[in-house]
Amino acid sequence: MPIEFGLWRIDGPDFQRLSSNKLDDESRLEELLVEDPNLLGRDLLIVGQQVRTSSGKRLDLLGIDAEGDLHIIELKRDRTPRDVVAQALDYASWVRHLTYDDVTDLYEDFDDTREFEEAFSEKFSSARPEGASGVPEDINQTHSLTIVASELDAATERIVEYLAEEYSVPVNAVRFNYYEDDGREYIGRTWLIDPQETPEPPSKREAWNGRDYYVAFGQGKNRSWSDAREYGFVSGGQGEWYSRTLDQLSIDDRIFVHIPTEGYVGVGTVTKPKTPVTEFEIETDEDSKKILDAELDASAMGENSEDESLREYLVGVEWIDTRPVDEAYWETGMYANQNTVTKLRNQFTLDRLYQHFDLDE
14 MPIEFGLWRI
24 DGPDFQRLSS
34 NKLDDESRLE
44 ELLVEDPNLL
54 GRDLLIVGQQ
64 VRTSSGKRLD
74 LLGIDAEGDL
84 HIIELKRDRT
94 PRDVVAQALD
104 YASWVRHLTY
114 DDVTDLYEDF
124 DDTREFEEAF
134 SEKFSSARPE
144 GASGVPEDIN
154 QTHSLTIVAS
164 ELDAATERIV
174 EYLAEEYSVP
184 VNAVRFNYYE
194 DDGREYIGRT
204 WLIDPQETPE
214 PPSKREAWNG
224 RDYYVAFGQG
234 KNRSWSDARE
244 YGFVSGGQGE
254 WYSRTLDQLS
264 IDDRIFVHIP
274 TEGYVGVGTV
284 TKPKTPVTEF
294 EIETDEDSKK
304 ILDAELDASA
314 MGENSEDESL
324 REYLVGVEWI
334 DTRPVDEAYW
344 ETGMYANQNT
354 VTKLRNQFTL
364 DRLYQHFDLD
374 E
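Be aware that the sequence shown starts at 14, since it is given in the working numbering, and climbs by one per residue.
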């Protein structure tokens with residue numbers, strides 16, 4: 014049972030308890046949560062409102078937290094306990110399969126004024142580790158359900174508690190009390206289950222071996238895989254989103270390079286940390302020189318070189334093995350990600366890469 018929430022007005026020595034009422038329109042509560050999802054006591058970015066699912070039903074609100082996990086928020090709206098809980102569970106069965114691209118598309122439908130990556134970074138810049146302020150490498154590894162109501166009935170409470178306590182379903186319910194006093198409005202929040210005691214949803218994240226990283230290498234006028242193979246580097250740039258995760262790489266880390274839509278083309282060991290393109294040096298048979306003074310296949314590698322947020326950044330690599338693009342290796346089910354650098358946790362992918370590149374593990 015939830016703990017009762019009370020609110021008193023203090024006028025000098027006098028105390029007056031304010032009477033709690035039911036919010037006359039729960040759609041108003043939905044708009045308050047869109048405006049500030051922290052009303053739920055969780056730091057969330059709303060990525061969708063009235064989201065149409067594969068069943069044709071509409072999920073009230075979908076949020077994402079700093080770890081990339083999804084939060085289903087469903088308003089009771091005077092539905093029967095059986096209907097609201099069953100609907101939330103149905104939404105969860107759909108949400109668990111959402112990919113990064115799906116979430117991006119949902120956000121674009123919800124807010125077309127900025128991109129999902131920009132909104133995420135602004136929202137959680139202080140909550141993510143340095144060098145990892147962008148969207149996490151693997152989103153939607155877990156999800157949770159929250160049923161929101163201006164009034165909770167005993168049947169809904171029993172069902173939610175049963176699912177959480179007996180079957181460890183990551184579900185909770187929250188009631189918002191509504192108060193009016195002297196022309197001012199207030200709401201108070203009461204959880205059915207202490208959020209600290211809500212079952213942790215099972216995670217799909219695999220353990221990281223502490224060494225191997227994935228690097229996405231997008232080819233174009235600003236970077237070329239043939240240059241990277243010849244001169245020993247990987248790079249990212251033309252926007253902070255593409256360059257900032259290079260900060261994760263340190264000397265002696267091992268990287269596996271993936272060209273989007275093609276496959277894996279190389280494995281190597283980091284020899285130089287992230288360096289601006291204007292300062293990155295390469296060794297030749299005669300001497301060392303700046304990468305921009307070398308003969309390059311990428312015609313615009315130096316583009317925006319004076320702009321810290323847009324210019325290209327390079328990480329030095331000693332290659333263990335590389336392949337040309339037309340020999341890129343890919344199997345269905347292998348790991349790929351939108352970030353430039355992520356920790357490579359996927360054991361299926363690692364096993365295949367170790368074998369393909371003939372690595373002793």
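Honestly, the hints are just simulated from the structure, not real lab data.
Don't be surprised by glycine CBs; every beta carbon is placed ideally from N, CA and C.
Among the clues, some could well be false.
What the hints assert, rightly or not - Here are the simulated EDC-like pairs of lysine to aspartate or glutamate, each with C-alpha atoms no more than 16 Å apart in a straight line:
1) Lys70 to Asp96
2) Lys35 to Asp194
3) Lys285 to Glu331
Said to hold, decoys possible - Okay, the calculated beta carbon distance ranges per label pair:
4) Lys303 to Lys70: 50 to 60 Å
5) Pro208 to Arg30: 17 to 27 Å
6) Ser312 to Asp122: 34 to 44 Å
7) Tyr199 to Thr291: 20 to 30 Å
8) Ser181 to Ser138: 27 to 37 Å
9) Val47 to Trp332: 44 to 54 Å
10) Ala167 to Asn51: 22 to 32 Å
Numbers of unmet hints, in rising order
Hint 7 alone not satisfied by this model.
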